[in-house]
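**Student:** Sequence:
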Amino acid sequence: MIYSFPPFVNSQTEILILGTMPGIASLEKQEYYAHKRNHFWKIMYTLLDNLPIAEVFEDKIQLLQANKIGLWDVLENCERKGSLDIHIKNQKANDFETLFKEFPGITTVIFNGKESHKYFLKKFGQIKGITYYVMPSTSPANTMSFENKLKIWSAGFQ
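Residue numbers (full-length UniProt numbering): 1 to 158.
By construction, these hints were calculated from the structure, which means they are not laboratory data.
Be aware that a few hints might be false.
[As the list claims (entries may be wrong)] DSS-like, lysine-lysine: derived pairs with alpha carbons at most 25 Å apart: (1) K123 x K89; (2) K29 x K92; (3) K29 x K89.
[Stated by the list, open to error] Ranges of calculated distance between the beta carbons of each label pair, as one might list FRET restraints: (4) P6 x I53: 15 to 25 Å; (5) P52 x M1: 17 to 27 Å; (6) G105 x A141: 26 to 36 Å; (7) T98 x K122: 27 to 37 Å; (8) I127 x S11: 24 to 34 Å; (9) N90 x L51: 37 to 47 Å; (10) Q126 x E14: 14 to 24 Å; (11) Q126 x E58: 27 to 37 Å.
Don't be surprised by glycine CBs; every beta carbon is placed ideally from N, CA and C.
Please build the complete structure, drawing on both the sequences and the hints.
**Tutor:** Have a look at this one:
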């Protein structure tokens, strides 16, 4: 059984970015999107005009929070061989009812990949008052170019 991280959300959060479950590199480092070929941080830093990318995870989280962006995963825990979402089984979702009550400023949810969206919809459906965007996964397993990912992701930040 593997476990996700606690949410990086505060009272200022308006946009919540949801992955499915941290991959092996992220679990080892205890940091979101830690795989060096994952495009997540490069996309965030490019969209937020704050290059170069910080080395320290806490600085990355601070940049997101300064821009009213939070991070979490749809799943609290699951069984999975490797890092791919297609291998997930026996999953349990995180408690979004409580999160959205505690942080009512969250009005936009951006899914990092189709699988996170699929798991969320299956458990929670469409929650009233929240706008959803499904973005291409930033994972290195998604072979779409960085430029194409960036172009699509930028739509969620207009």
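**Student:** State for each hint whether it applies.
**Tutor:** Cross-check of the supplied hints:
Between K123 and K89, the direct Cα distance comes to roughly 14 Å. Compliance with the 25 Å bound is thereby established for this hinted pair. Between K29 and K92 the alpha-carbon distance is near 22 Å, which keeps this suggested pair within the 25 Å criterion. Taken as a hint, the K29 and K89 pair is honoured in the structure, with Cα atoms around 23 Å apart against an allowance of 25 Å. As the Cβ distance of P6 to I53 is approximately 23 Å, the hint placing it in 15 to 25 Å holds.
The hinted range of 17 to 27 Å is not satisfied by P52 and M1, whose Cβ atoms lie roughly 37 Å apart. Checked against the hint of 26 to 36 Å, the C-beta distance between G105 and A141 comes to roughly 32 Å, which is consistent with it. At about 18 Å, the beta-carbon gap between T98 and K122 misses the expected band of 27 to 37 Å. Checked against the hint of 24 to 34 Å, the pair I127 and S11 fails, with Cβ atoms roughly 19 Å apart.
Separation of N90 from L51 is about 40 Å and conforms to the stated range, judged on CB atoms against 37 to 47 Å. The hinted window of 14 to 24 Å between Q126 and E14 holds, with their beta carbons roughly 18 Å apart. The hinted window of 27 to 37 Å between Q126 and E58 holds, with their beta carbons roughly 34 Å apart.
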